[in-house]
Amino acid sequence: MKPEVGRFLVVLAIASVIGGIVASKLDFRADLSFIFPDEVSERTRFLTDRLSDRAAQGTFLMAIEGGDEAGRQELSLRFSRALAGTGSFDRVANGAGVVAPDGFEYLFENRYLIGPSWNPDEEFSTTFMAESLQGSMALLSTSAGQLLRRYLPADPTGRGRAILAALSPAARPASQGGVWVSRDGRRALIVARARAENFDLVRQSALLGEVRQMFEQLPGSDGHELLIAGPPGFAVATRDRIQMDVRILSVVSFLLILLLAWGGFRRPMLLFLLGLPMGIGVLAGLAAVQTVFGFVHGITLAFGACLVGIAIDYPLHVLAHAAPDGDTAKSARAIWPTLRLGAVTSVAAFLPFMLSGFPGLAQIGLFVATGLVAAVLSGRFLFPLLCPTVTHFPLSDRLIERLRRLAPRLRLPLLMLPVAALAALGFRWETVWESDLRALSPVPPDMVALDRDLRSGLGAPDVRYMIAVRGDSAEDVLVRQEELRPLLSRLGEEKNIVSWRMAADLLPSAAEQRRRQGEMPTSEELRNRLADAVAGTAFRSDAFNRFLADVEGARTATPVTFEMMASGDSGDLITPWLSPRPGGFTGIVMLSGLGEPQAVAATIAQAAIPGTEFVDLKNETERLVQSFLDSSVLWLLGSLLVVQLVLYSGLRHVAAVLRVTGPVLIAVTATLGLLAGLGIPISVFHILSLILVAGLGMDYGLFFSRHGGEGAITYRATILCNLTTATVFFVMAFSSIPILHGIGLTVAVGSFLALVASAAFARPVG
Amino acid sequence: MKNSLVAISGIIISLVIAFSSLAGEQKPLSPDRLPEIITGAPDHHAEFSEERRLLLLTEPVRLRGTLLFRKPDRFEKHTISPQQEDLVVDGDWVTVSLPDRNTEMRFNMADDPLLYGLLFSLRSIMNGEPGRLAEIFEVEAWGDGNAWTMRLKPDGQELAQRIQAIRVTGETHWIRTIELWETSGDYLIMTIGSEVTE
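So the sequences go chain by chain: A and B.
Here the working numbering is used: the first residue of the first sequence is 508, the next is one more, and so on.
Here the working numbering is used: the first residue of the second sequence is 376, the next is one more, and so on.
Quick caveat, the hints were computed from the structure, so don't treat them as lab data.
The C-beta atom is built at its ideal place from N, Cα and C for all residues, glycine as well.
Careful, some of the hints might be misleading.
Claimed, not checked - Just a few of them, taken from the derived set where beta-carbon distance is under 10 Å, the chain A residues facing chain B: (1) A600; (2) N601; (3) A603; (4) A645; (5) L646; (6) S648; (7) Q653; (8) R657; (9) Q683; (10) G685; (11) S689; (12) A1050; (13) F1051; (14) L1055; (15) A1056; (16) G1060.
All chains, full assembly: derive it from the sequences and hints.
Listed below in structure tokens is the structure:
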């Protein structure tokens, strides 16, 4: 056995042990939290809360499509029952049956203290009670009234129903045959909430598989399709698509490296060796990020994996520069200063990000910087040990010579590119930047559309406007919301809002509850009024003794507090609307159907109720995304500056620095221009990709400027590097994941332009 | 004194009337013999009247309308008065709609123990499978092919929590009355008129 084979096995063994350890420690996250700055303002906290809402995380939104109406209804019924039967969900709803939310019993027990306010002159008046009894009488003869029969003795006025109505969404889902359907009636809708222990991605993914299988096994499910959205559907679909894309990318990269290793260098072993520095780099990056941040964001990995683009260049350079005598150790020594300067510059380019206030950017910066250092070191020291000699080289000298002669002729057109690019940017300036949060999400666009459709069908459209109400205590917030109520009613009358929802509508302040208690009739009084109401009906005079007892109990009870409600079964009903925050409590008032948002905002501001503030979530999101983008552009400029300094310290000549960075600038601006020209909004991922392009371009430029004299060798090395990079990223550009698509397109185009420009402006040979 | 005498004799008379159908005319019948008598009804429709005596009310609620039965598991009950209501059972699923109120509700039969008990006994008899009654009830029977009576007591706990007993009377494969005593004290009796075979 050759010594290098033994070494390779040792390295492989060590790498897999380390890899195993790193993998076992990793904690992945895939939400959007990476774009949020460390210091979250009170306003943006609403966004982070909404995006990382735990209850929402386990909610499966499902739709059954295809077949005919009756078939879908039948399936919806069977399917919901099967879902409920698994025990993995604590709530399955499809519109069928009578479903009171968890915690309703608690609300019913306290029905006179909590829930929507009532008019004391009406609620317990003889007239109102007589009317209610009449309505109930008609229902008693029906099968539908069977539930009523159970509650009627305690609740003849239908207070429980009033509370239930206040809980259900303002817009009820459309219903067909007793089953929820989408607005167009062509999908049957089902909502299921997984039990808390099923919230993690692995469990959700397994559950999703079980759910699909269960559906397919239902009799009559042929010809029907089950669509699943909601966070679990998202997470799993996103992961599956990323996995599929990664698989395609891996196959393409494998074939490409195989072609290079076997066809080009005639060393099949290189198939593994070329990827080794990159693999070590990724491991090092993961380990560093996990250690520093305690978790690795999915985006960090997706982006960090682009290390491939740079890291595979290191062994390629070492190989290609071994042309004179085939000794890779010698070539590694010879090009080390250039390799080192290139790597240091790239690390320097990503360094500023590590200092940024956005954990997402900082993670990517740390990942790439650590990964590059590890990769370049293994390229320099480890690779020659494992592959001491090389005898064959790809690309014939004649071809390279031809390309080399062609290159300088491209100077003029290349100089025109930035001008055209700036024109395109200027022309489309208004729409150049991406401010939509969704564009940053790794979720495929068709899934987002499905989710929106299902949500609106279920009467839970995205809420855009709200009023934040803050206070020192929960009671404070509730009192302020009650102060707000007349204002909201007025806005409703003026048709400026259609409806609102807030904690105080369900849980009145203690003060309000005491006021209600004061207005409840005494036991004796109520008994008399009830007797009048019952007289002349078919109800027995003593039928409602429980009602009398319950009202008397409510009249003398201690008011219900937020803490009492939040800690019980009914906690899920109140905590989304009111929750403790550092330094107090915050409640939200969701507004819907706003006529003129500005007018509403002005009215709220004018009322000057302390602690209240009108919030436009869409604006807030856009502001957040914009500030994320702004700061990444700022960091891009910062890193370009750092790069110049590092290069100058290495090259010691302004002209040499210009020769290296000039082509990079051309490539970067031209790529930006191309994106703008194609109408692709530029997001933070494009910016980060451009830094990668700059890193690659600088490597090319450095090699041309320092080793240009070596003739065909440098051309071969850089062309090989670029072909590998551009091909892999070109394949990535076809990904259905917006982020991967953006990165792929940018790097493929950018790196190719950087190569052409570097070659064109390289020092003439000789 | 006179009043209580009247009351006592009233009770005795009504007891005699109530039990006459059981004790007076009908002799105990082994449930094993039921399959010979109840051989299954053809698809048909019929008028019905129903009386519900609820503890809440001083007087019964009276319903009337039509029933429809199709083998093996389609059952429809269309109430015309006092409140229009359509109850359609297909397989295990029940759809209840109130046309006046424009509401429609759908649920699984098993979620409503009362309805389940009634429908299960009704179906078993109409389909000519009285043997199935023993799956969820303790069955006692009296009479013969011309007139029979069955008393069903729920076996399972879930059913027993809501239903105290069901009594069904009939002639050959037709049902004449169904009575249901709820554990809550409420009671209903449905009387089925002459069937029209489809």
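Consistency of the hints with the structure:
Below 10 Å, beta-carbon pairs count as interface contacts, and A600 (chain A) has none with chain B, the closest being about 12 Å; its hint is therefore violated. Taking 10 Å as the C-beta cut-off, the interface hint given for N601 (chain A) holds, the closest approach to chain B being about 9 Å. Nearest Cβ of chain B to the Cβ of A603 (chain A): about 4 Å, under the 10 Å cut. The hint holds. With a least beta-carbon distance of about 5 Å to chain B, the hint placing A645 (chain A) at the interface is held under the 10 Å criterion.
Taken as an interface hint, L646 (chain A) checks out: its beta carbon lies about 7 Å from the nearest beta carbon of chain B, inside 10 Å. Because the smallest distance between the Cβ of S648 (chain A) and any Cβ of chain B comes to about 5 Å, under 10 Å, the interface hint for this residue holds. Among the interface hints, the one on Q653 (chain A) holds; its C-beta lies about 7 Å from the nearest C-beta in chain B, closer than the 10 Å criterion. The interface hint given for R657 (chain A) is met, as the beta carbon of that residue sits about 8 Å from the closest beta carbon of chain B, less than 10 Å.
Restraint check, Q683 (chain A) versus chain B: the minimum CB separation of about 8 Å is within 10 Å; hint holds. A distance limit of 10 Å between C-beta atoms decides the matter here; for G685 (chain A) the minimum to chain B is near 3 Å, and the interface restraint holds. Among the interface hints, the one on S689 (chain A) is violated; its C-beta lies about 17 Å from the nearest C-beta in chain B, farther than the 10 Å criterion. Evaluation of the A1050 (chain A) hint against chain B yields a held restraint, the C-beta minimum of about 4 Å falling below 10 Å.
A least Cβ separation of about 8 Å between F1051 (chain A) and chain B falls short of the 10 Å threshold, and the interface hint therefore holds. With 10 Å as the threshold, the beta carbon of L1055 (chain A) stays out of range of chain B, its nearest partner Cβ sitting at about 14 Å, so the hint is violated. For A1056 (chain A), the interface hint is violated, since its Cβ never comes within 10 Å of a Cβ in chain B; the closest pair sits about 16 Å apart. Interface hint at G1060 (chain A): violated, since its Cβ lies 21 Å from the closest Cβ of chain B, which is beyond the 10 Å cut-off.
When each numbered hint is compared with the structure, violations occur for hints 1, 11, 14, 15, 16.
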